[in-house]
Amino acid sequence: MFRTPWICARCTRQWLKPLRPLGLRRQSTAAATGITSDTIYPALLQRARKINSEHHDLAKQLESNYDSKIAKRAGELRLVVDALSSWDHANKSLEELRALLRDPETDAELRELANQDVEQCADDLQKASQSLTKSLIPKHPFADLPCLMEIRPGIGGKEAALFASDLVHMYQGFCADNRLSASLVSYERSEEDPNQLIEAIMEVESAGAYGLLRCEAGVHRVQRVPATEEKGRIHTSTASVMVLPSFSDNADAADIDMNDPTSDFYIDPKDIRKEYMRASGAGGQHVNKTESAVRLVHLPTKTTVFMQESRSRPSNETRAWSLLRAKLAHTRREAREQELVSMRRNVVGVNRTGRSDKIRTYNWQQQRVTDHRSGTTVHGLEGIMSGGQNLQKLMESARKWLTETEVEDMIADSTTTNSGSV
Amino acid sequence: MRLGRTLGSLRRAIFSQSLPSTPSAHSSARFALFNHHLARARNTGSRVRCIHTIPKPRNRLQELESDLLTQAGSAETAKLELKWLREHAEEEHRNQPPGPERDQCVADCLKQLCEERAKGTPIQLLIGNTYFGDLLLHCAPDVLIPRQDTATQMEWFFRRLNIDETSFPSNPRVLDLCCGSGCMSLLFAHKFGQVAGNKRSASLTGVDISAKALELAERNRQHLLSQNSSRSTMETLKSLKYIKANILDKEHYSDAGNPELSTAPLIYDVLQDQTFDIVLSNPPYIDPRTELDPQVRNFEPSLALFPPKSLNSNIHAGDTFYPRLLEVAKAVKAKFLFMEVGNMEQAERVADLASRQSYWTGRGSCGVQIWRDVLPTGSSVDLREVCRPLKLDHNDEDVDFADLVPVFGAGEARTVVCWTREACSWLDIFELGITLSGIQIIGHKEKRRCS
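Which chain is which? The protein sequence lines are A and B, in order. Residue numbering for the first sequence follows the UniProt record's numbering, beginning at 1 and increasing consecutively. Residue numbering for the second sequence follows the UniProt record's numbering, beginning at 1 and increasing consecutively.
Please keep in mind that the hints were generated in silico from the structure rather than gathered at the bench. Every residue gets a Cβ at the ideal spot worked out from N, C-alpha and C, and that includes glycine. Treat the hints with care, as some may be off.
[What the hints assert, rightly or not] Rough simulated footprint, nothing fancy, chain B against chain A, three-plus residues with beta-carbon under 8 angstroms: (1) 289 to 298; (2) 308 to 322.
[Said to hold, decoys possible] 27 angstroms max Cα-Cα, derived DSS-like pairs, lysine-lysine: (3) Lys358/A / Lys302/A; (4) Lys83/B / Lys289/A; (5) Lys212/B / Lys274/A; (6) Lys289/A / Lys212/B; (7) Lys289/A / Lys79/B.
Please put together the full structure from these sequences, using the hints given.
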């Protein structure tokens, strides 16, 4: 009678999750990254000093005249300033200790004490430089936003469509596991075969979802014997995932002015062709149709969005607009980044994380998934395909890789600007 | 503990004995339950607790979907309709305490809705409301369900309207003949409030012969009044009146055997000597012999679809109302008349009728236009590209002038508008010059193309 009800294994794991000591793992993985050495890049340090002085100026301004915008900016810089001061402190004490050790006049007792302290101090310095590097990495402007994921089959026909729908399932599972509220905005099937996916759009409504999932954008490759294959041959197909920040509700929060022509989100209404879907033929009192679909076409880029989820045409239209905005902003941003990349190519090789790059391979025969950016390979394919723990591991590695490249970018950037100014 | 309980109740609900035992009913209930949990998780921002314990929904979906498919037309629409019905079923039981009982109620309700839908009941009647332009309006049996096409035409009217034109009355008086659910007058109030300043308001009167329609129109008015909108809209809605009247003659409804219709007061007695600036109308216009979608023929009121037989044998079977509408509009000294029509042939007949009356005369030509279903939606439109001239050929001996009627848009003809000299500059499209290049000639019997 008092028997505990049956609970599925995954749920139990999820439930027990907070009990697992998280700190341990973090430390061990942090040591493996490239950016943890106690020698901090001089370019980064220079940047930190610049920010420090800027913060100083801002604080002075705030004393005489309070302005919420300046206060916000100062608050953002505060992190760097704090990290820098603790790094300075650690650096200074380490140097003092080392000087003490080098000094031949130091007596034996003091030397022993200093020797003990040096270890502690070096550890502190390493931590301080870690947090300084972390605080210096520019936060992606949209990292706090919810996101839209667009999943389409790539090369490989039916099998690609199957894999794309597997990916949809995977991300749904991932969102469910990580307490992200996700919903399918649209799921377009092929007209000939209703099982075949053409395009799925998923909205992850939780704040910060873009920061979490943007590393998923790119081409996902699958190697397996498809369900449709009769002779047991292994096929290689792809599906592409595009991750866009979503601006549906909190455009204000992100300080984005949709009416500013210089903004990425600006769309000239003249460039839009709006179509209300309407089958030709009889209308009016003769038939009773529930046609509320809206199609928007951005003429200069031929970007098209189609929305028919709601019974209300106006609400379909608003959703279509926000989707179109997100799509256009993404392409504009990507174009700009592409330009920067080509400018920098001679300095450092930078990988773009757009739609065109193969980022991951899912291999059924070997039951493994490899992330090509970070070079991480994880086994346990089943778990990954249902969005479990191992997927999280992969995504973590990809995010780390992303940060590293961004740091490298920044360093390359500052060296080019420096050499340019000299 | 909480997790255990949720899962326990979920499992009990899915596998409980109280569920209907037929396989299809059982699985549809299970599917409804799954979706219900998904939706609830989405609403509360929490995650779905246990997606793995519930079988993949696709097969369950197909069972309910196939029910709907017979009526919805395409698989895509069936899927959407199922989604809307599900949302409605959940909304219905929102106030019940959450738990297996409510889940069961929702599942039963959804199943019943799907069965009703499969029999042909329009989805708007099952859900009880429909969208008309920006408005959400109630629907009821025995009253015509508002059509999106009508809203599109009215939206186009407001897009082309020069609201600040001095000849346009600052507080227009509007008459809605055959108002039905009140959709046209209510949308007019809403749109006018959007484009006109707060100090202006319109005074609207709706007229219909059906008591049920008037009741629904009043309910819709009250519903819109309870929502916050602009001051002008509120003022307009407050003064909006719905009146019962027979727009045709007593004889038209004398053999219907319905005393409600034959004893209704006549339109001229009701209006007496009131005047109006604008007359809107979506009268019954379907020829009773037309083959119709059973969804419409069996579930919508024939009173609102088919006009009674005309007393004048020259008038086409679907056109009974139009001569009277033109007459009433003239009697109330209207400057603008907006009439919905069923197809191009009917539009041609109505335009022909109107162009014969010298009352509807614009600047230099007759004040008649035909609007089709698909009208340009963008703000900057080259009107020359969306307008085709139509030549009305008056072969009759008493009228000796031939006139051009502009036809706008694409698709089936939906509206015939008429205006007087005073309303010439109300809409920018009224001032369009029409040339004779590549036009269509319509006579009463023969049609030919002119090069």
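So, going through the hints one by one against the coordinates:
{"no.": "1", "hint": "289 to 298", "result": "holds (count 4)"}
{"no.": "2", "hint": "308 to 322", "result": "holds (count 6)"}
{"no.": "3", "hint": "Lys358/A / Lys302/A", "result": "holds (25 angstroms)"}
{"no.": "4", "hint": "Lys83/B / Lys289/A", "result": "holds (16 angstroms)"}
{"no.": "5", "hint": "Lys212/B / Lys274/A", "result": "violated (37 angstroms)"}
{"no.": "6", "hint": "Lys289/A / Lys212/B", "result": "holds (23 angstroms)"}
{"no.": "7", "hint": "Lys289/A / Lys79/B", "result": "holds (15 angstroms)"}
Hint compliance for this structure: hint 5 is the single one not met.
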